[in-house]
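S.K.: Here are the chains, one letter per residue:
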Amino acid sequence: MDLIILANAKKEGLSFEELNEFRVRDYVEFSNIYIGSNGNHKEPQSSDIARGPTQKDIDKLLS
Amino acid sequence: MKKIKIGDKELGLRASPLALFYYQTEFNKDLMSDLMSLQSMAEINENDFSDFDSVKLLQIIYAMNRANNYGKEFPTFVAWLNGLEYMDLSDPEFILDAMDEAMDGFFRSLNGEYQKKAEEIKDKVSKSKSEKG
Numbered sequence: 001m002d003l004i005i006l007a008n009a010k011k012e013g014l015s016f017e018e019l020n021e022f023r024v025r026d027y028v029e030f031s032n033i034y035i036g037s038n039g040n041h042k043e044p045q046s047s048d049i050a051r052g053p054t055q056k057d058i059d060k061l062l063s
Numbered sequence: 001m002k003k004i005k006i007g008d009k010e011l012g013l014r015a016s017p018l019a020l021f022y023y024q025t026e027f028n029k030d031l032m033s034d035l036m037s038l039q040s041m042a043e044i045n046e047n048d049f050s051d052f053d054s055v056k057l058l059q060i061i062y063a064m065n066r067a068n069n070y071g072k073e074f075p076t077f078v079a080w081l082n083g084l085e086y087m088d089l090s091d092p093e094f095i096l097d098a099m100d101e102a103m104d105g106f107f108r109s110l111n112g113e114y115q116k117k118a119e120e121i122k123d124k125v126s127k128s129k130s131e132k133g
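Chains as they are written, first to last, in my numbering: chain A, 1 to 63; chain B, 1 to 133.
Bear in mind the hints are in silico, worked out from the structure with no lab data behind them.
It is possible that some hints are incorrect.
Calculated from the model, a selection of chain B residues having no Cβ within reach of chain A, i.e. all distances over 12 angstroms [unchecked claim]:
1) Ile-4
2) Lys-56
3) Leu-89
4) Ser-90
Not everything, but these chain A residues come out facing chain B in the computed CB check (under 10 angstroms) [said to hold, decoys possible]:
5) Asp-2
6) Ala-9
7) Leu-19
8) Glu-21
9) Phe-22
10) Arg-23
11) Val-24
12) Arg-25
13) Asp-26
14) Tyr-27
15) Tyr-34
16) Thr-54
17) Ile-58
Capping the alpha-carbon separation at 25 angstroms, the derived lysine-lysine pairs in BS3-like fashion look like this [stated by the list, open to error]:
18) B:Lys-3 with B:Lys-56
19) B:Lys-56 with B:Lys-2
20) B:Lys-29 with B:Lys-72
21) A:Lys-10 with B:Lys-29
22) B:Lys-5 with B:Lys-56
23) B:Lys-72 with A:Lys-10
Every residue gets a Cβ at the ideal spot worked out from N, C-alpha and C, and that includes glycine.
With these hints in hand, go ahead and build the complete structure from the sequences.
M.R.: Below, the structure is given as C-alpha cells:
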C-alpha cells in the first residue's frame, strides 16, 4: 500500500516533500481528481478540442 | 497536522503517506492494520486504556512524528523513545489525540466521526476526574 502510494505520487509529478504535505485521505482525494475518477470524468468531445489555425487566421492576425 | 504532548515534549504528528512508509521500513508491519487493531481495543474499553497496546500506539506516533520531520535527521525508534523523558501511558488525552490524527488522516471514509467520538470520551474522562478530585 505505502509503496503503491509513493509510486503513484511520483507518476503524478509529486516530490516526497510535496506528498508529505498531504494526509493519506487528502492524497486519495488529490489522486481521484488527478486521474478524473471522481464521478465527473467524461471523454473530451470534438467541440472541446481546439482546431488548428488556418491561413485566414494568420492573415487576420497579421493585418 | 496535530500536536500532542508526551511528558514535557510537544510532538507534531502528520498522517501522511510517508508515515506509512516509515512504519513499514522501521517495524516491518502495516500501519493501517495495526491501527485497526488499536481502534477495536479502544471500542471495547472506552474509559479504560490500561489494556491498550501502548507499544503499537507509540510506534504509530513515531512514524507520524518522523513524517512531520521529513528531511531532517531522525533517530531510530529506541533512541526516540529514550528521548521522551516521561510519559503517562494511561493518559487518555494524548492517546486520543494521536488516535484522532491517525484515524482522521489515514481513513477517508470516517469524515470526522472518530474526532467526535474522541471528544466525547475526553469529556467523560475529564468529568470523572473532576468528580473524583
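S.K.: Each hint: holds or not?
M.R.: Hints versus structure:
no. : hint                   : verdict
1   : Ile-4                  : holds (16 angstroms)
2   : Lys-56                 : holds (17 angstroms)
3   : Leu-89                 : holds (25 angstroms)
4   : Ser-90                 : holds (28 angstroms)
5   : Asp-2                  : holds (4 angstroms)
6   : Ala-9                  : holds (7 angstroms)
7   : Leu-19                 : holds (6 angstroms)
8   : Glu-21                 : holds (7 angstroms)
9   : Phe-22                 : holds (6 angstroms)
10  : Arg-23                 : holds (4 angstroms)
11  : Val-24                 : holds (5 angstroms)
12  : Arg-25                 : holds (4 angstroms)
13  : Asp-26                 : holds (8 angstroms)
14  : Tyr-27                 : holds (6 angstroms)
15  : Tyr-34                 : violated (14 angstroms)
16  : Thr-54                 : violated (48 angstroms)
17  : Ile-58                 : violated (49 angstroms)
18  : B:Lys-3 with B:Lys-56  : holds (19 angstroms)
19  : B:Lys-56 with B:Lys-2  : holds (19 angstroms)
20  : B:Lys-29 with B:Lys-72 : holds (23 angstroms)
21  : A:Lys-10 with B:Lys-29 : holds (23 angstroms)
22  : B:Lys-5 with B:Lys-56  : holds (17 angstroms)
23  : B:Lys-72 with A:Lys-10 : holds (21 angstroms)
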